[in-house]
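Residue-level listing of the chains:
Protein chains: 2
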Amino acid sequence: MSDNTSGIKERIAKMKLVSPYMAASKEEVRNGALLAIAKVLKEHSAEIFEANHADLDAAEKNGISPSVMKRLKFDENKLADVCAGLEQLAGLADPIGKTTLARQLDEGLTLYRVSVPIGVIGVIFEARPDALVQISSLCIKTGNCAVLKGGKETTNTNRVLFKLIYEAAVASGLPEGCLIQAEAHSEIDELLKCHEEVDLIIPRGSNAFVRYIMDNTKIPVMGHADGICHIYVDKNNDTELALSVIADAKTQYTAACNAVETLLVHRDIAADFLPKLKKCADKNGFALKGTAEVGKVIDCEVIDESEFKEYLDLILSVKLVADVDEAIEHINRHGSHHTDSIITTDDAAADKFMQLVDSAGVYRNCSTRFADGFRYGFGAEVGISTSKIHARGPVGPDGLVTYKYKLIGNGHIVGDYASGKRSFNFKDI
Amino acid sequence: MSDNTSGIKERIAKMKLVSPYMAASKEEVRNGALLAIAKVLKEHSAEIFEANHADLDAAEKNGISPSVMKRLKFDENKLADVCAGLEQLAGLADPIGKTTLARQLDEGLTLYRVSVPIGVIGVIFEARPDALVQISSLCIKTGNCAVLKGGKETTNTNRVLFKLIYEAAVASGLPEGCLIQAEAHSEIDELLKCHEEVDLIIPRGSNAFVRYIMDNTKIPVMGHADGICHIYVDKNNDTELALSVIADAKTQYTAACNAVETLLVHRDIAADFLPKLKKCADKNGFALKGTAEVGKVIDCEVIDESEFKEYLDLILSVKLVADVDEAIEHINRHGSHHTDSIITTDDAAADKFMQLVDSAGVYRNCSTRFADGFRYGFGAEVGISTSKIHARGPVGPDGLVTYKYKLIGNGHIVGDYASGKRSFNFKDI
Chain H
0 MSDNTSGIKE RIAKMKLVSP YMAASKEEVR NGALLAIAKV LKEHSAEIFE
50 ANHADLDAAE KNGISPSVMK RLKFDENKLA DVCAGLEQLA GLADPIGKTT
100 LARQLDEGLT LYRVSVPIGV IGVIFEARPD ALVQISSLCI KTGNCAVLKG
150 GKETTNTNRV LFKLIYEAAV ASGLPEGCLI QAEAHSEIDE LLKCHEEVDL
200 IIPRGSNAFV RYIMDNTKIP VMGHADGICH IYVDKNNDTE LALSVIADAK
250 TQYTAACNAV ETLLVHRDIA ADFLPKLKKC ADKNGFALKG TAEVGKVIDC
300 EVIDESEFKE YLDLILSVKL VADVDEAIEH INRHGSHHTD SIITTDDAAA
350 DKFMQLVDSA GVYRNCSTRF ADGFRYGFGA EVGISTSKIH ARGPVGPDGL
400 VTYKYKLIGN GHIVGDYASG KRSFNFKDI
Chain U
0 MSDNTSGIKE RIAKMKLVSP YMAASKEEVR NGALLAIAKV LKEHSAEIFE
50 ANHADLDAAE KNGISPSVMK RLKFDENKLA DVCAGLEQLA GLADPIGKTT
100 LARQLDEGLT LYRVSVPIGV IGVIFEARPD ALVQISSLCI KTGNCAVLKG
150 GKETTNTNRV LFKLIYEAAV ASGLPEGCLI QAEAHSEIDE LLKCHEEVDL
200 IIPRGSNAFV RYIMDNTKIP VMGHADGICH IYVDKNNDTE LALSVIADAK
250 TQYTAACNAV ETLLVHRDIA ADFLPKLKKC ADKNGFALKG TAEVGKVIDC
300 EVIDESEFKE YLDLILSVKL VADVDEAIEH INRHGSHHTD SIITTDDAAA
350 DKFMQLVDSA GVYRNCSTRF ADGFRYGFGA EVGISTSKIH ARGPVGPDGL
400 VTYKYKLIGN GHIVGDYASG KRSFNFKDI
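Chains as they are written, first to last, in numbering that gives the first Met the number 0: chain H, 0 to 428; chain U, 0 to 428.
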């Protein structure tokens with residue numbers, strides 16, 4: 000075991016004991032830290048951009064693709080965005096310390112449920128410097144300690160950003176050790192073993208990477224592996240609207256988990272709709288792969304339904320269904336419970352779809368690409384969850400809190416209630 | 000693989016497709032089912048008691064201890080209790096279908112967050128017939144499908160109860176296949192493999208059993224293994240009150256996870272308090288094991304702090320601390336984040352303890368034994384969670400729901416917002 004590796008385990012163990020003090024930090028201190036971070040990032044922009052140039056030079060030498068290069072880049076625009084985000088987050092209501100239940104159990108015995116931070120969160124994220132700022136600021140806002148491991152392609156930028164963020168946080172009054180940066184890839188495996196100390200892992204990245212995390216830790220994992228989103232075009236629909244939404248959901252950002260991958264079309268409208276879809280696909284530069292039945296109506300690659308998958312590319316699978324019920328069953332069976340949309344003018348069909356499709360997001364007449372914390376107005380997003388436990392869909396500040404029960408009595412004992420000497424007298428207050 | 004084993008996997012796969020229909024069941028239907036179950040249980044009491052006698056006879060032959068026999072027994076009193084519980088549950092507010100967020104994102108684009116059932120829940124519970132009724136009724140109330148596996152010592156009782164419950168549920172309009180009973184122990188391992196279908200596992204039972212479940216499934220697990228609860232007696236306290244609470248927390252139900260296991264006492268009051276504690280222990284029939292420092296003041300078995308553990312027996316570990324800070328650190332380091340109580344007349348010490356102790360329940364001047372869904376006024380309890388993810392502490396109906404986001408637009412596409420043609424206009428409605 001290298002010194003570096005034993006280092007992170009010890010630091011996480013220490014963080015566990017720091018976390019109650021981080022949780023107890025005052026709202027003003029946390030919001031003050033967010034504003035202080037925005038300030039130092041602006042003041043040290045030259046240093047940040049210099050580090051980012053080193054990362055970009057190295058990436059270019061390694062032949063990284065232009066689309067990835069765009070994500071690695073941290074320039075004036077991205078700095079302005081993250082600083083605006085920090086200032087917005089500082090202005091949001093405090094998610095912790097909220098009393099969500101206050102109940103008298105009996106005379107003099109009062110129960111409170113109060114929102115508190117989760118504690119220690121490990122976030123493993125892609126090579127995107129703005130992600131480091133967003134994630135650490137969300138954790139500060141919510142009073143959580145965080146272990147942050149970013150993608151290696153932005154090591155230099157992350158190191159500078161982390162140093163500035165951490166120092167500003169501590170100078171603002173947050174406890175030492177409230178944030179840890181992990182840099183070595185081997186530290187991920189060390190982190191995954193810390194189930195006594197770490198309360199939640201949030202992995203972001205490829206399907207295979209997220210599955211690896213889920214399969215190799217006892218710590219609860221929040222996130223998503225697959226993102227197989229569907230659009231179902233119902234019998235009664237506005238065709239223009241349908242095609243516009245499909246093109247947006249497929250092409251606006253192909254690599255996103257909320258891009259549409261499978262299109263289901265009501266069989267009764269196939270003869271009219273599919274040729275229009277084909278024209279739309281050609282115009283917007285995406286390919287169609289259809290079942291044999293689809294291939295009889297339009298020219299497309301014919302594939303078996305079992306070959307439908309998450310392409311993350313300019314390709315859309317197409318299948319015909321008999322009605323909204325068959326669409327629902329297909330989505331519940333083959334989808335990834337992420338985000339699915341129905342295009343219809345029929346209220347009854349829409350209600351049925353939105354009730355019965357078992358996904359984090361069920362949409363009507365709009366693009367699946369809206370599944371995002373910023374677009375939902377959460378101020379920031381730490382990831383999207385397809386789990387049904389804890390948080391579901393885009394996860395903002397509210398998803399990073401839990402609660403504790405406080406019970407205040409005056410010598411109350413259970414024996415008195417078991418014997419019948421006293422009885423409960425529940426009253427919400 | 001036996002037919003029985005392959006059977007449960009197939010039935011769970013079918014349940015996954017039934018679960019959206021269970022989730023869509025109307026409040027009246029679910030509450031009607033609860034009342035119908037109470038009715039048939041009363042009508043078939045003779046049949047239930049007969050099956051229970053068979054279980055009790057077998058248990059007696061196997062030399063089961065009298066305290067366990069008490070739990071296996073299902074008599075008129077327990078039937079009356081579970082029927083009262085069913086009727087109470089039917090009267091509680093519906094936990095699903097509640098809109099917890101309604102927000103206009105832009106003109107004509109509206110986001111709703113609505114509470115929905117988790118979906119498919121697997122519950123593995125101890126041999127207690129009343130637990131089967133409580134758990135299945137909580138799942139019905141919350142619109143969840145459930146796979147139920149009870150302890151083998153009550154197989155006959157469980158079989159009769161399950162048949163009556165399931166038939167009454169379906170006759171009341173709930174979908175076929177909404178509840179499954181697992182009987183063979185081998186079916187537990189089959190259930191643990193169904194991570195594609197089962198959304199949550201709730202194991203109840205011994206520490207070792209819960210750990211086995213946690214270590215052998217990819218399904219999220221809600222529950223607790225250890226229950227090492229603490230009481231800290233602060234410098235300023237009402238001694239009578241302290242002793243009464245300690246005796247209750249230790250002896251009222253020794254085998255419970257919320258019984259106290261470790262007592263921390265402020266060093267400044269040790270000379271006065273420990274002899275009184277010793278008298279109290281002798282009178283109430285529990286033994287004290289103390290650190291060397293404690294052993295110098297009173298006659299007790301001296302053990303090392305590292306030997307402190309969950310006894311589930313009439314034994315209490317005792318240690319002295321310098322102040323509330325040391326008590327907090329001890330609890331956060333060595334506790335199980337279940338329930339911990341401070342006995343004090345000092346408001347500042349109480350506030351500090353309740354803020355910084357990182358447990359599901361933090362109490363002042365009352366017994367740790369209050370950590371229970373019924374005593375919190377939840378109507379019923381499916382278990383107690385020491386995890387910080389999803390639900391924490393006693394888990395009632397609110398802990399068995401999640402939410403989904405519904406987004407309703409009129410052809411809204413993300414491209415328009417990315418290009419600046421439109422901009423978000425968030426407004427909570």
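None of these hints come from the bench; they were simulated from the model. One should not assume that every hint holds.
What the hints assert, rightly or not - Have a look at the derived ranges for each label pair, beta carbon to beta carbon:
| no. | chain 1 | residue 1 | chain 2 | residue 2 | range |
| --- | --- | --- | --- | --- | --- |
| 1 | U | G107 | H | A347 | 16 to 22 Å |
| 2 | H | T238 | U | N424 | 51 to 57 Å |
| 3 | H | K162 | U | K275 | 53 to 59 Å |
As the list claims (entries may be wrong) - Chain U is nowhere near these chain H residues, computed Cβ spacing over 12 Å in every case:
| no. | residue |
| --- | --- |
| 4 | K15 |
| 5 | A45 |
| 6 | K60 |
| 7 | R70 |
| 8 | D105 |
| 9 | T154 |
| 10 | E189 |
| 11 | E309 |
| 12 | D397 |
Claimed, not checked - Using 27 Å as the maximum straight-line C-alpha spacing, the simulated DSS-like pairs for lysine-lysine come out as follows:
| no. | chain 1 | residue 1 | chain 2 | residue 2 |
| --- | --- | --- | --- | --- |
| 13 | H | K426 | U | K97 |
| 14 | U | K308 | H | K13 |
| 15 | H | K192 | U | K217 |
| 16 | U | K217 | H | K15 |
| 17 | U | K15 | U | K41 |
| 18 | H | K38 | H | K151 |
| 19 | H | K97 | U | K351 |
| 20 | U | K351 | H | K13 |
| 21 | H | K8 | U | K15 |
| 22 | U | K308 | H | K8 |
| 23 | H | K97 | U | K426 |
| 24 | H | K405 | U | K351 |
| 25 | U | K351 | H | K217 |
| 26 | U | K13 | H | K351 |
| 27 | H | K234 | U | K405 |
| 28 | H | K217 | U | K97 |
| 29 | U | K405 | U | K25 |
| 30 | H | K8 | H | K162 |
| 31 | H | K217 | U | K8 |
| 32 | U | K420 | H | K282 |
| 33 | H | K275 | U | K420 |
| 34 | H | K351 | U | K97 |
| 35 | U | K275 | H | K420 |
| 36 | U | K13 | H | K308 |
| 37 | H | K97 | U | K405 |
| 38 | U | K405 | H | K405 |
| 39 | U | K295 | H | K278 |
| 40 | H | K15 | U | K351 |
Cβ atoms here follow ideal geometry from the backbone N, Cα and C, with glycine treated the same way.
- Task: Run the structure past the numbered hints and jot down the numbers of the failing ones, going up.
- Result: 2, 4, 8, 12, 17, 21, 25, 28, 38 and 39
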